[in-house]
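K.L.:
So you can see what is in the structure, the chains are spelled out below.
Protein chains: 2
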Amino acid sequence: MDFATSQLKDTPLDPLVKKVYLELEKPSLNDNTADVDRLIKALKRAREFEHVELLNHDFDSISTTLRKGDFKVTAILTEAVGRYELVGVESGDTSARNYGVGVDIGSTRLAFYLLDLSSGILLEKRSVDNPQIPHGEDILTRIIYARNPEHKEELRRELVDCCNQTIAEMSNDHSIDLGEIYSWSFAGNTTMTHFFLGLNSQNICKEPYIPVINRIPLLSVRNLGLNTNPNGIAYVFPNVGSYFGGDILAGILVTGMHRTEEISILVDVGTNAEVVIGNKDWLIGCAGAAGPALEGGVVQVGMMAKPGAIDKVRIDRKTLEPEYTVIGNERPRGICGSGLIDLVAEMFEAGVLDIQGKINTKLDHPRIKIIDDVPAYVVVFSEDSATGEDIAVTEVDIKILLKSKAAMFTILTIVARKVGLELKDIKRFFVAGTFGNHIDPQKAITIGMLPDLPRERYIPVGNTAGVGASQVLLCGRLIREVEEICNRITYIELNVNAELMAEFRGALFLPHTHRELFPSVVAGL
Amino acid sequence: MDFATSQLKDTPLDPLVKKVYLELEKPSLNDNTADVDRLIKALKRAREFEHVELLNHDFDSISTTLRKGDFKVTAILTEAVGRYELVGVESGDTSARNYGVGVDIGSTRLAFYLLDLSSGILLEKRSVDNPQIPHGEDILTRIIYARNPEHKEELRRELVDCCNQTIAEMSNDHSIDLGEIYSWSFAGNTTMTHFFLGLNSQNICKEPYIPVINRIPLLSVRNLGLNTNPNGIAYVFPNVGSYFGGDILAGILVTGMHRTEEISILVDVGTNAEVVIGNKDWLIGCAGAAGPALEGGVVQVGMMAKPGAIDKVRIDRKTLEPEYTVIGNERPRGICGSGLIDLVAEMFEAGVLDIQGKINTKLDHPRIKIIDDVPAYVVVFSEDSATGEDIAVTEVDIKILLKSKAAMFTILTIVARKVGLELKDIKRFFVAGTFGNHIDPQKAITIGMLPDLPRERYIPVGNTAGVGASQVLLCGRLIREVEEICNRITYIELNVNAELMAEFRGALFLPHTHRELFPSVVAGL
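So the protein sequences, as listed, match chains D and P.
Going by this note's numbering, the first sequence opens with residue 1, and the numbers climb by one from there.
Going by this note's numbering, the second sequence opens with residue 1, and the numbers climb by one from there.
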């Protein structure tokens with residue numbers, strides 16, 4: 001079980017949407033309280049729900065349900081600021097059947113966590129491709145696509161349909177009725193959140209980078225178009241800014257770094273690198289372009305971490321022959337981000353690459369070739385690949401990767417320096433995102449992407465967005481914690497200045513021009 | 001100006017829906033707060049709106065409006081329990097244009113009060129027939145009609161359409177855009193409130209007489225189907241019980257009887273007589289069948305108070321010839337409630353009726369006839385009536401009226417006795433409803449319907465339902481006062497017991513078997 005999922009098990013059970021079984025006094029001439037008022041009165045008598053308001057305005061159906069159940073009913077309540085809201089009511093005692101869905105709205109994949117909120121158990125996690133990918137693998141392309149209002153609506157519809165389809169399948173597999181699902185929670189980056197809510201994303205990507213909304217109130221499932229119980233509610237994680245979204249807030253929540261004395265870093269690398277550093281007293285966040293090389297599309301042989309992608313590579317130091325594993329045990333068709341990091345680290349350690357990222361073409365080896373005038377290393381020969389072509393990494397590809405890793409390391413260095421720390425002072429280093437799950441921290445250190453800390457400080461955390469989203473469903477008061485994190489975090493803009501450029505240039509080398517920063521790497525060479 | 005309307009002028013201006021003009025800081029790289037958050041932040045800075053929540057979830061339109069108005073905007077806010085809710089936002093300064101509609105949802109007539117909420121001025125009051133009348137003049141017939149769910153919806157639709165049509169005409173006459181109307185308030189009896197909200201009314205009229213809901217939360221104009229600004233809100237007065245509705249609570253509010261040391265009575269007579277007695281420390285309410293004779297339909301010559309109805313009658317003591325006025329100065333076609341009370345009082349004082357309500361057939365007069373074996377008095381001969389037939393009141397009609405007046409007096413006596421008072425202890429006697437506007441208290445005393453108090457204690461109050469509804473729009477905190485009245489009022493059921501029957505039998509006489517209860521009447525005979 002990964003770090004994030006284990007946090008889910010440790011979350012206190014006090015769900016955002018609660019079910020309370022009540023046996024009401026029946027109406028009589030001596031107590032002719034109206035039906036809906038009778039329910040509210042009984043709830044107020046239970047001190048916990050003293051301040052309860054009606055969120056569900058279908059008064060007739062509340063009345064019918066009360067009478068059908070002979071005034072023995074289960075009330076469904078959700079916590080709001082300073083009060084509870086009555087979401088709905090069901091005949092009889094249904095308090096054991098209360099389900100929720102936590103969703104990571106990733107730009108590449110959506111992950112669904114189906115939760116039994118009466119027991120606190122994660123019933124199943126299921127991931128599916130983001131259906132928007134045909135409109136652009138990278139998010140900027142989708143923002144441009146969304147300029148057209150019909151396309152904006154199409155992007156929204158695709159996500160909602162994806163949620164509906166996936167949850168229909170999952171609930172069917174677990175013999176849950178869609179009407180028994182009363183709560184959803186969504187964590188995604190700012191743009192994905194805007195897409196999901198059908199909001200205008202155009203101001204996100206142009207100065208001064210302003211989202212439509214950061215703090216999103218509890219939303220109605222009915223209004224979102226989700227097919228679960230229409231009276232249900234949906235929480236959407238807030239954003240700190242255009243480049244610092246709810247997925248990272250979920251990450252902070254899951255790591256608990258905002259509660260400890262010791263200082264931690266959380267890094268999430270996708271197209272952007274988002275970095276948070278801090279502890280219970282302060283939190284600093286920043287984001288910067290870092291990761292394009294680590295996602296599919298930019299590096300020629302690059303691809304997403306899915307079946308057919310090489311995700312691990314080792315190169316024999318003597319023969320320079322590679323060994324690799326392929327996701328899904330298929331014939332390889334490309335290399336994913338973690339595979340690329342592995343590959344470059346191994347090439348460097350095997351002497352195929354020099355510290356500038358140049359391939360040693362003096363080596364006489366069948367795998368070292370010149371392709372279109374550019375030196376390259378062939379990982380898979382055409383006869384073994386799924387494409388029928390060589391899978392090779394060129395110096396151009398490596399340069400792109402080095403820029404990404406240099407950006408990552410620069411961001412980390414600058415952020416630490418801003419708060420007067422050195423990277424070695426960091427006690428826990430959480431690595432999140434797809435990156436965090438697949439990467440070998442050792443290899444990322446070898447290429448100088450991550451600082452040379454003791455390995456045990458690196459904690460790959462798994463899908464913190466999905467787990468964080470799930471946590472607030474299991475424990476509603478965590479919403480206040482998320483809002484507090486959002487309030488506390490100081491977002492700093494990384495201005496392209498001389499200091500940053502100097503850092504960046506030094507970090508372009510393998511592992512770094514200042515080799516003393518990477519003693520463990522240097523020792524192994 | 002009647003009592004109620006004068007209260008409207010004295011209502012403090014602090015509207016339920018407020019408009020606040022704000023000039024927001026424009027976004028910059030130094031302040032990249034999201035659009036919606038920027039608005040909320042600015043409102044929170046104004047201390048009054050520290051606790052503000054988003055009621056309007058169309059975040060894109062808020063963002064667009066902010067940007068269209070160059071971040072100079074008018075926020076529209078409504079007060080809720082412990083917080084404000086952001087209803088909407090408009091570009092520029094529109095704070096001077098804020099309109100609301102108070103509605104009396106009467107079973108016979110609907111009255112609309114169009115209010116300018118920036119100045120507090122009543123722009124116009126307009127009344128229209130209740131469009132449900134074709135489904136039954138009396139409310140019970142409509143409840144039976146509403147058994148069929150399609151009919152229930154039809155009854156709802158008719159009221160909503162009536163509201164939409166009337167307000168479209170009124171706002172057009174006052175050059176107001178429907179989108180500038182953000183608030184409605186409705187006061188009606190419990191059944192009319194249920195019809196208006198499309199709620200099941202079937203349990204109202206059968207033991208133990210349970211409404212679907214009494215305390216209605218603020219509703220969305222969009223959900224109600226009203227054509228004014230869809231983000232607007234609607235307040236619906238709560239009910240105390242099935243036979244004690246929001247119209248009476250509005251009446252209490254308007255009279256202010258819940259605020260004074262001295263004890264007042266408020267009486268509203270329609271098909272039912274609703275009575276409230278009390279002061280700032282206590283309020284007792286009750287309702288009972290009293291008024292069928294005073295509405296159209298039951299008494300043969302009875303009709304509603306509309307054009308063609310005789311509303312005032314005097315009978316010459318010597319010639320026994322009547323003089324009368326007709327609403328709309330038309331040829332008469334019937335007699336309305338106040339006309340009937342006048343007529344019976346005059347017949348009694350002229351010696352045409354004895355104390356048992358028998359017509360003195362020994363009098364040889366062309367107006368005293370036997371019609372279908374029943375003695376009768378002809379008010380209008382066929383040649384002068386609009387129907388071409390005599391308009392006459394028979395002993396049967398008089399018996400019905402006497403039952404109604406006896407019921408009224410009995411309810412008043414019993415209620416006063418329950419609280420240990422005599423009717424003469426009542427300092428202010430508010431007479432509400434159509435009844436209150438048209439009736440001559442002197443004549444009602446003559447027939448023994450109302451107690452023989454000094455005339456100046458009687459205050460006809462006019463349309464308190466419409467005015468009360470309007471008051472909460474002008475001054476939102478009055479909603480809390482209405483809720484408190486609703487909490488404080490003790491509703492007592494009038495059980496048909498020996499005491500009540502004895503009182504009732506005594507009250508069936510003119511003015512009463514205990515003539516000492518009506519000294520001023522007896523003195524005049």
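Derived from the structure by calculation, the hints contain no laboratory data.
Virtual Cβ for every residue (Gly too), placed ideally from N, Cα, C.
Watch out, some of these pointers could steer you wrong.
Here are the simulated DSBU-like pairs of lysine-lysine, each with C-alpha atoms no more than 35 Å apart in a straight line [as the list claims (entries may be wrong)]:
1. D:Lys26 / P:Lys280
2. P:Lys26 / D:Lys280
3. D:Lys206 / D:Lys280
4. D:Lys44 / P:Lys427
5. P:Lys306 / P:Lys427
6. D:Lys9 / D:Lys399
7. D:Lys206 / P:Lys44
8. D:Lys44 / P:Lys206
9. P:Lys418 / D:Lys26
10. D:Lys41 / P:Lys26
11. D:Lys358 / D:Lys399
12. D:Lys418 / P:Lys44
13. D:Lys418 / P:Lys41
14. P:Lys306 / P:Lys125
15. D:Lys206 / P:Lys68
Derived DEER-like restraints, expressed as beta-carbon distance ranges [what the hints assert, rightly or not]:
16. D:Asn487 / P:Gly225: 34 to 42 Å
17. D:Arg126 / P:Gly225: 36 to 44 Å
18. D:Glu48 / P:Leu13: 53 to 61 Å
19. P:Asp2 / D:Ser118: 54 to 62 Å
20. D:Arg45 / P:Thr325: 50 to 58 Å
21. P:Pro208 / D:Glu48: 24 to 32 Å
22. P:Glu483 / D:Leu140: 48 to 56 Å
23. D:Ser118 / P:Gly92: 32 to 40 Å
K.L.:
Checking each numbered hint in turn, tell me which of them this model violates, lowest number first.
P.N.:
Of the numbered hints given earlier, those the structure breaks are 4, 6, 10, 18 and 23, listed in rising order.
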